Amino acid sequence: MTAQTVDASGDPAVRHFGPGNDASQLAPRLAKTVVSVVICGLCLIAFLNTIAARPGIGWAALSLLCMAVLLSLHLAHFTRYAPLLNSRWRIPIFLLKAVSAFAPLLAFRQTWVGMPGFIAGDALLIIGDTWCWVVFGGVVATMGGIQWMFTPDLADTAYTAVSTGLTGLIVYGLFRLTDMVAEVHRARMVMAEMAVAEERLRFARDLHDLLGYSLSAISLKSELTRRLIGHDAERAAAELTDIVDISRQALTDVREVASQYRDLSLDAETRSARSVLAAAGIEVTMAVVHGSLPDRVGTVLATVLREGVTNVLGHSKAEHCSITIRQEAGAVSITIVNDGIQPEPAGVPTRHGLGLASLTSRVEAQGGLLTSGTLDPTHFRIHAEIPLGKAALTPREAEAPALTDDQALEAR
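By this note's numbering, the letter at position 71 of the sequence shown is numbered 83, and the numbering carries on one by one without gaps.
Hints in this document: simulated from the structure, not taken from any laboratory.
Some hints here could point you the wrong way.
Pairwise CB distance ranges, derived in the manner of DEER restraints [claimed, not checked]:
id, residue 1, residue 2, range
1, Ala-64, Val-111, 24 to 32 Å
2, Leu-213, Ala-153, 57 to 65 Å
3, Trp-145, Ala-209, 18 to 26 Å
4, Gly-68, Leu-107, 29 to 37 Å
5, Pro-389, Gly-242, 34 to 42 Å
6, Asp-141, Ala-341, 57 to 65 Å
7, Val-301, Arg-238, 37 to 45 Å
8, Trp-71, Tyr-171, 45 to 53 Å
9, Ile-103, Gly-68, 21 to 29 Å
10, Asp-168, Val-196, 38 to 46 Å
11, Gly-401, Met-203, 52 to 60 Å
12, Pro-389, Val-196, 50 to 58 Å
Note that the coordinates shown come from a computational prediction; the quantities given were computed from them, not determined experimentally.
Glycine included, every Cβ here is placed at the ideal spot set by N, Cα and C.
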């Protein structure tokens, strides 16, 4: 089994984009700050032009008031009222912005011609569809016409029209930038949360694979020890030693699951499976034919073997079990067949536990296929096959003959 546990606090996606982390809001806040500074800068330039052409406290106050209204309406895009821009109120809001941008022209005339460019940008932001470009073009043309009314000069008219269009595009681009940054930020938060959820699921799956087998073996050997007490003290002591060893190994496995990747030895699991099944009085037939396998493949096969033995011990009253591991034609396969399956009561659906689902995902991650099910009313079969690609290596064979009931009793 390969335990892939990631410390959430060390994952950049989780650390920087996790909920409640101030760092997770850095990018959206920076984008909003940049846009706000640019918009305020454009307004400041217009204000300086206005007071230069219209000196006096009254004109300055009126200019500040008009700009404050226009600025507030635009920066509301960053407040809790922003959803209104995508609601049925978007057209009234756009018209309100248009009035706040065009009305001051009556008082400030040519010094205010730069401000309606904001409305050109709003047309693209708020109206949407193809009509936004019609309105955008209308605002640009209107400002060209107004400039011609103030100074009937072709160069001034063209300059005002072009600057209005550019201001609108800048406003549109900046506000869209903040929206895109926020969307990317939300997407990365979702990805971080999904990564955490996947790690939790993987951790639970790994614990099931480890402890399911170990606890089954401990339970089986404990029961065997209880029966041996008073009849065979030496054998009982040996079984207790095995129980201690299995318990220590289970504790070590759990610690390794929580800290790093862990590979299992297929050969060691094969020997362990034979010992545990024999201790349960199950006649075991093993046929092992494989070469030196890649670590990941060997670990997955060992995990399949563990889960298969756990199922035999926990979900059947098996008397016979055959285990076949074979490498041929660029692939390696494992087949576990046991008898003594216990049918579900009538009306109770067949249960497919976490173990088989976990095995399926592990085998498929290596490009393989796992199937499981009943061969007949009394036999259950688990079969997994994993392609090796270029990893075809020299095979070796190890045939384990069937164990008789007497041999099973003596096996450890």
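Report task. For Ile-103 and Gly-68, compare the CB-CB distance with the range 21 to 29 Å and indicate the outcome. Result -> Cβ of Ile-103 to Cβ of Gly-68: about 37 Å, so the range 21 to 29 Å is violated.
Query raised in the report: In this structure, is the beta-carbon distance linking Trp-145 and Ala-209 contained in 18 to 26 Å?
Result: Violated - the Cβ-Cβ distance for Trp-145 and Ala-209, about 43 Å, lies outside 18 to 26 Å.
Query raised in the report: CB of Pro-389 to CB of Gly-242, is that within 34 to 42 Å?
Result: holds, 39 Å
Requested in this report: Look at the Cβ atoms of Trp-71 and Tyr-171 and judge whether their distance stays inside 45 to 53 Å.
Outcome: violated, 24 Å
Requested in this report: With 50 to 58 Å as the target window, see if Pro-389 and Val-196 comply at their CB atoms.
Outcome: Holds: the Cβ-Cβ distance is about 56 Å, inside 50 to 58 Å.
Query raised in the report: If you check the beta carbons of Ala-64 and Val-111, does the distance land in 24 to 32 Å?
Result: At 25 Å between Cβs, range holds.
Query raised in the report: Could one say that the CB atoms of Asp-141 and Ala-341 fall in the range 57 to 65 Å?
Result: The hint (57 to 65 Å, Cβ to Cβ) holds, given that Asp-141 and Ala-341 are roughly 59 Å apart.
Report task. For the range 29 to 37 Å, tell me whether the beta carbons of Gly-68 and Leu-107 fit it or not. Result -> Given about 31 Å between the Cβ atoms, the range holds.
Requested in this report: Evaluate the given range 52 to 60 Å for the C-beta pair formed by Gly-401 and Met-203.
Outcome: Distance hint for Gly-401, Met-203 is violated at roughly 30 Å.
Query raised in the report: Between Asp-168 and Val-196, is the Cβ distance one that fits in 38 to 46 Å?
Result: holds, 42 Å
Query raised in the report: For the pair Leu-213 and Ala-153, does the Cβ-Cβ distance stay inside 57 to 65 Å?
Result: Since the Cβ atoms of Leu-213 and Ala-153 sit about 59 Å apart, the hinted range of 57 to 65 Å holds.
**Report entry** Whether the CB-CB distance between Val-301 and Arg-238 falls inside 37 to 45 Å
**Finding:** Taking Cβ atoms as reference, Val-301 and Arg-238 lie about 38 Å apart, which means the hint holds.
The structure fails hints 3, 8, 9, 11 (numbered hints given earlier, in ascending order).
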